[in-house]
Amino acid sequence: MLILNCPYCGVDAEETELAAGGEAHLKRFGPGSSDDEFHDYLFMRENPKGVHFERWRHANGCGKWFHAARCTNTLEVFGTYTAQTSEPPQDIKDAIAAKRPGWTWREFS
Amino acid sequence: MKHYSAFAVAREALRYHTGWERAWRSPEPKKRYDVIIIGAGGHGLATAYYLGKNYGIQNVAVIEKGWLGGGNTGRNTTIIRSNYLQDPSAAIYEKARGLYEDLSQDLNYNIMFSPRGVIMLAQTQHEIRGYQRTAHANALQGVKTEWIGPERVKELVPIINLDGPRYPVLGGLWQERGGTARHDAVAWGYARACSAMGMDIIQQCEVTGVRSQDGRVVGVDTTKGAIDCDKLGIVVAGHSGQLAEMAGFRLPLEAVALQALVSEPIKPCMDVVVMANTVHGYMSQSDKGEMVIGGGTDGFNNFTQRGSFHHIEETVRALVETFPMISRLKMLRQWGGIVDMTGDRSPILSKTPLGGCFINCGWGTGGFKAIPGSGWGMAQLMATGHSPLTEAFSLDRFKEGRFIDESVAAGVAH
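Protein chains in written order, with this note's numbering: chain U, 1 to 109; chain H, 1 to 414.
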């Protein structure tokens with residue numbers, strides 16, 4: 001079972017306590033954007049086989065949204081971090097680099 | 001290819017079964033093919049088969065990373081139905097169901113199609129309205145389904161408990177000619193027929209790159225060397241995104257794990273397929289007597305072919321309420337498959353931004369039932385550039401807002 005540490009309340013939460021919230025760090029496009037931008041924002045997910053960043057909610061706990069860095073190929077968790085950011089913090093990137101040298105995800109590496 | 005028949009069985013019985021030949025050849029790849037299909041699952045093999053049968057294109061290779069039929073074709077719960085709400089879905093799934101009816105004769109291979117009937121249970125007021133609407137839509141589409149009340153459900157499924165406290169059975173959508181088939185046999189039957197037409201099925205051969213020139217596909221790189229082709233079909237389910245990346249475009253897909261499990265074999269007790277979408281569970285009894293149970297998907301991206309245990313727990317808990325007699329059954333096996341989900345829960349059968357390259361993916365949780373129709377339409381698309389069956393399922397429908405929204409129509413399980 002997937003276990004993520006909630007960066008807000010500090011609890012190691014099991015999957016049944018959490019709600020998955022999809023891909024993280026989406027840049028939102030709305031009125032005034034091009035068809036391509038809106039299409040990509042709505043439907044084009046990274047869907048990587050490997051390092052991935054996701055939003056999760058500690059639904060049956062403190063209720064807070066947070067971010068997780070995970071490997072979709074091994075289910076390994078690299079770390080969790082606050083939702084109040086638009087990109088993964090350096091310590092999470094370093095933790096991933098230690099396990100997956102040369103990783104990239106969207107514009108991050 | 002030697003014809004399978006009762007006479008052949010009798011003949012072989014008289015000579016200690018020494019005359020059977022391999023069902024398909026395992027050749028080394030040639031330098032060039034007219035068409036290469038990536039993925040020797042049901043959809044890929046069916047595409048190759050109808051390319052040969054309907055369009056005479058027989059210089060075809062089907063390339064498979066693992067073994068034939070070893071992906072989702074061998075991992076599903078074998079349910080066949082076509083009771084979909086949207087017209088394009090009903091058309092392709094009913095085409096498939098119709099082809100399943102005499103596929104054994106067509107392929108000269110017993111795929112064990114069993115039109116035992118499929119009930120989708122209505123367990124909420126919302127589902128009653130939804131399924132009555134689907135029944136009316138199906139009548140207009142020429143798909144034979146009917147809305148039935150709880151008494152008729154009980155007649156068809158004596159082991160069902162109608163008045164469960166959480167999930168009462170309020171009726172159901174009944175498709176009499178839906179049912180099941182032997183999933184491996186579908187892949188094997190198509191493979192044997194393809195091989196007999198001279199097509200090469202190349203297993204244990206992973207595609208590592210797609211080669212193109214002036215915006216057109218010219219071949220693929222594989223672990224068995226480079227192979228040239230005029231046209232390429234990518235038919236790989238869970239790893240469609242990885243293959244598309246090699247071909248230089250992206251797909252609106254997310255890969256998640258879907259799970260299923262089977263019980264120990266018991267005496268025949270249920271001769272229809274029962275689906276309960278409210279609780280994300282469905283069940284049928286295999287010819288061996290096992291209760292085959294399908295569950296829900298995880299909510300997060302996953303490529304491991306292992307799902308989360310609590311989904312199985314939830315499915316089984318709900319099914320035990322509806323079928324109290326299964327409560328003491330031991331479960332024998334549990335497994336997961338990687339399904340590729342689109343935003344509208346309908347598949348993509350389409351041309352791609354790369355010339356000569358076609359994609360068939362996004363079947364999500366319900367691809368098995370569509371195999372013959374999908375292959376039929378995909379072959380037409382690849383051979384002629386257009387197919388009325390696949391037209392609505394094009395890749396650009398997301399940009400154009402032409403969704404085929406089966407997620408709202410069917411709730412969950414497809």
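Hints are not guaranteed to be accurate.
Quick list of in silico lysine-lysine cross-link-like pairs, PhoX-like style, CA-CA up to 20 Å [to be verified]:
# : chain 1 : residue 1 : chain 2 : residue 2
1 : H       : 399       : U       : 49
2 : H       : 30        : H       : 65
3 : H       : 351       : U       : 27
4 : U       : 99        : U       : 49
5 : H       : 31        : H       : 53
6 : H       : 288       : H       : 351
I should point out that these hints are in silico values taken from the structure, not numbers from a laboratory.
Here is how each hint holds up against the structure:
1. The straight-line distance between the Cα atoms of residue 399 of chain H and residue 49 of chain U is roughly 25 Å, outside the 20 Å bound, and the hint therefore fails.
2. About 17 Å separates the Cα atoms of residue 30 of chain H and residue 65 of chain H, which keeps this hinted pair within 20 Å; it holds.
3. Annotation: proposed proximity of residue 351 of chain H to residue 27 of chain U is violated, straight-line Cα distance about 28 Å (limit 20 Å).
4. Among the hinted pairs, residue 99 of chain U with residue 49 of chain U is consistent with the structure: their alpha-carbon atoms are about 15 Å apart, no more than 20 Å.
5. Between residue 31 of chain H and residue 53 of chain H the alpha-carbon distance is near 23 Å, which puts this suggested pair outside the 20 Å criterion.
6. Under the criterion of a C-alpha separation no larger than 20 Å, the hint pairing residue 288 of chain H with residue 351 of chain H is inconsistent with the structure, at around 41 Å.
The structure fails to meet hints 1, 3, 5 and 6 from the earlier list, while all remaining hints are met.
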